[in-house]
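J.: What follows is the residue order along each chain.
There are 2 protein chains.
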Amino acid sequence: MGNVLSGKAPAEGVLQNAKKIAGKMMKKPHLAVVIVGHDPASELYVKKKLEKAESIGVRTTLRRIGENADEKELLDLVSQLNKDQDIDGFIVQSPIPKHMDYTKVVEKIDPKKDVDGWTSTNIGRMFLGISETFMPATPMGIMKLLDYYKVDIAGKDVTVIGRGNVVGKPIAFMMLQRDATVTICHSKTKDLASHTRNADIIIAAAGVPNLLKADMVKEGAYIVDVGTTRVGDKTVGDVDYPNVIKKAHCTPVPGGVGPMTVAMLISNVIEAALRRA
Amino acid sequence: MGNVLSGKAPAEGVLQNAKKIAGKMMKKPHLAVVIVGHDPASELYVKKKLEKAESIGVRTTLRRIGENADEKELLDLVSQLNKDQDIDGFIVQSPIPKHMDYTKVVEKIDPKKDVDGWTSTNIGRMFLGISETFMPATPMGIMKLLDYYKVDIAGKDVTVIGRGNVVGKPIAFMMLQRDATVTICHSKTKDLASHTRNADIIIAAAGVPNLLKADMVKEGAYIVDVGTTRVGDKTVGDVDYPNVIKKAHCTPVPGGVGPMTVAMLISNVIEAALRRA
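Chains as they are written, first to last, in our numbering: chain A, 1 to 277; chain B, 278 to 554.
The set of hints was computed from the structure by calculation and includes no laboratory data. Each hint should be verified, as a subset may be incorrect.
If you want a taste of the chain A side facing chain B, the calculated C-beta under 10 Å gives, among others [unchecked claim]:
#1 Gln93
#2 Ser94
#3 Trp118
#4 Tyr149
#5 Gly155
#6 Asp157
#7 Gly168
#8 Ala172
#9 Met174
#10 Asp179
#11 Val182
With a cut-off of at most 30 Å between alpha-carbon atoms, the simulated DSS-like pairs for lysine-lysine come out as follows [what the hints assert, rightly or not]:
#12 Lys524(B) to Lys190(A)
#13 Lys213(A) to Lys465(B)
#14 Lys144(A) to Lys381(B)
#15 Lys349(B) to Lys297(B)
#16 Lys150(A) to Lys108(A)
#17 Lys385(B) to Lys349(B)
#18 Lys190(A) to Lys495(B)
#19 Lys213(A) to Lys495(B)
#20 Lys24(A) to Lys83(A)
#21 Lys296(B) to Lys329(B)
#22 Lys213(A) to Lys247(A)
#23 Lys247(A) to Lys389(B)
#24 Lys218(A) to Lys490(B)
#25 Lys83(A) to Lys385(B)
Simulated DEER-style distance windows between Cβ atoms [to be verified]:
#26 Gly164(A) to Arg341(B): 41 to 47 Å
#27 Pro372(B) to Lys150(A): 37 to 43 Å
#28 Arg64(A) to Arg341(B): 41 to 47 Å
#29 Ser464(B) to Lys190(A): 25 to 31 Å
#30 Gly66(A) to Tyr379(B): 46 to 52 Å
#31 Val231(A) to Lys465(B): 36 to 42 Å
#32 Asn3(A) to Asn345(B): 19 to 25 Å
For clarity, every value in this text was computed on a predicted model and none was experimentally measured. Ideal placement from N, C-alpha and C gives every residue a C-beta, glycine not left out.
Using the sequences plus the hints, can you model the full thing?
T.: Right under this line is the structure:
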């Protein structure tokens, strides 16, 4: 039987540390979140981020743009937030309506306020190992979670399933930087099991429910489930959890990576405020 | 017996195409190269780049900084080249003396003139798949070489040995973007052979002579040798070529990736000039 790698305790640790720092600052760190349209999952997720941030001592502002607004309106709001001396960091919650170009919008964010760590400048800095960057919250949260459970990373074989810009690619980098041997699989991989069966650590970020089954993982491996597929009113991961947990250590969904992501975002906001001060 | 994957013919193809475009431009594209100190290998390599560029119809300028100059002198030269309206692109040849910070110097280069593709902005854009970037010359040259020999990449298992910023990390990205399943190995990998034995394509960029031996590669695999270790007055690759070529297709050293790198650099200079026009 594997251990349940809950994100709750490590997230709480990150948040308590953030709270301590925020409490010592003369001006409260200030996070703004932009929502475009009315995606119900986004609404819920943003609400969670804002409530958690406030509870830590971070001021928050929610800015809304209508679903039918044109892209220019959103770009103008980004420029305004870039200039606003009171805002330390902000994010544009994805998804945004299809008639707007998300990459273009993100690229407009001042890298100093890009607390999601998604601008090309911050990604490039991460790649080069330059410290004045913001690391994307989810992959950074995964690293913190594994560190909390004292999982060795150096020299280990890590398989990442998924190659997205938000999780797959950056977590592959971070693992490399920590001396893991990294394999990146995705929908075009011809034999996924051949790449997971011997892995010491698996990061499942494909968004395909039940993709990773017990016969595809090694006894005692560490599995991080980043899948968040909405099935009815439930969020399900990529891992066949009830069977995988019998032989490997695994994060649950929900309650695994999710709380870590929120905690790391808040941590980035405080970092942004500290750098400006 | 495998095929010799010479870089000469594909490099010539890239260069002839570059020459055709350069010949149609009102103003010759202009490349500047900065050398700091007197590293003999660098001198030779830069000489080759400049001669080849001139032969294609690219104007070149060599700027020298003394070995004992301070970093500020180099940074000032970079600023000057950024502003110089006549220069379309430039590179600072590595290595530079140890008392200067190479990353800091590269980060000062205007991304629009960064024809080596090494600034964080251009790397971040590559990561995000934004087209207005310059791809680093060596990994781009590898892709072109494999395309020339009609090597399938989508769905193939590719193992990259080496995780440097110049070859290992960017080639891993480019392979991912072309739908390969990618494994990145390095000096801390516990069992290198287990990651190379089943690979369809291997990119060896470790800088360790004779690292990749025949029993570590699959029959009929494609091997690209990016190693350039100086042994006496010879440059040797990472592959045990005489034995590996008996069962797999392999680039020679020299005459494999080297000519491709020079060709891609020149191609980037022309691209830089076209974008400015």
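J.: Evaluate each hint against the coordinates.
T.: The hints, checked one at a time:
1. Gln93: violated (18 Å)
2. Ser94: At about 14 Å, which exceeds the 10 Å cut-off, the nearest Cβ of chain B leaves the hint on Ser94(A) violated.
3. Trp118: holds (8 Å)
4. Tyr149: Since the shortest Cβ distance to chain B is 21 Å, the answer is violated.
5. Gly155: Constraint on Gly155(A) satisfied, holds at 5 Å.
6. Asp157: holds (7 Å)
7. Gly168: holds (9 Å)
8. Ala172: holds (8 Å)
9. Met174: Cβ of Met174(A) sits 12 Å from chain B, so the hint is violated.
10. Asp179: Holds, about 4 Å.
11. Val182: Holds. Min distance 5 Å.
12. Lys524(B) to Lys190(A): holds (23 Å)
13. Lys213(A) to Lys465(B): holds (29 Å)
14. Lys144(A) to Lys381(B): Between Lys144(A) and Lys381(B) the Cα gap is close to 28 Å, so the pair holds against 30 Å.
15. Lys349(B) to Lys297(B): Violated, because 39 Å separates the two Cα atoms, which is more than 30 Å.
16. Lys150(A) to Lys108(A): Violated. Lys150(A) to Lys108(A) sits at ~38 Å, over the 30 Å cutoff.
17. Lys385(B) to Lys349(B): holds (11 Å)
18. Lys190(A) to Lys495(B): holds (17 Å)
19. Lys213(A) to Lys495(B): holds (29 Å)
20. Lys24(A) to Lys83(A): holds (25 Å)
21. Lys296(B) to Lys329(B): Answer holds: Lys296(B) to Lys329(B) is near 11 Å, not above 30 Å.
22. Lys213(A) to Lys247(A): Holds, at about 11 Å.
23. Lys247(A) to Lys389(B): violated (52 Å)
24. Lys218(A) to Lys490(B): Roughly 29 Å separates the two Cα atoms, so the pair holds.
25. Lys83(A) to Lys385(B): holds (24 Å)
26. Gly164(A) to Arg341(B): 41 to 47 Å: holds (45 Å)
27. Pro372(B) to Lys150(A): 37 to 43 Å: Holds - the Cβ-Cβ distance for Pro372(B) and Lys150(A), about 38 Å, lies within 37 to 43 Å.
28. Arg64(A) to Arg341(B): 41 to 47 Å: violated (57 Å)
29. Ser464(B) to Lys190(A): 25 to 31 Å: holds (28 Å)
30. Gly66(A) to Tyr379(B): 46 to 52 Å: holds (48 Å)
31. Val231(A) to Lys465(B): 36 to 42 Å: holds (39 Å)
32. Asn3(A) to Asn345(B): 19 to 25 Å: Violated, at about 58 Å.
Figure legend: structure checked against the earlier numbered hints; hints not met, in rising order: 1, 2, 4, 9, 15, 16, 23, 28 and 32.
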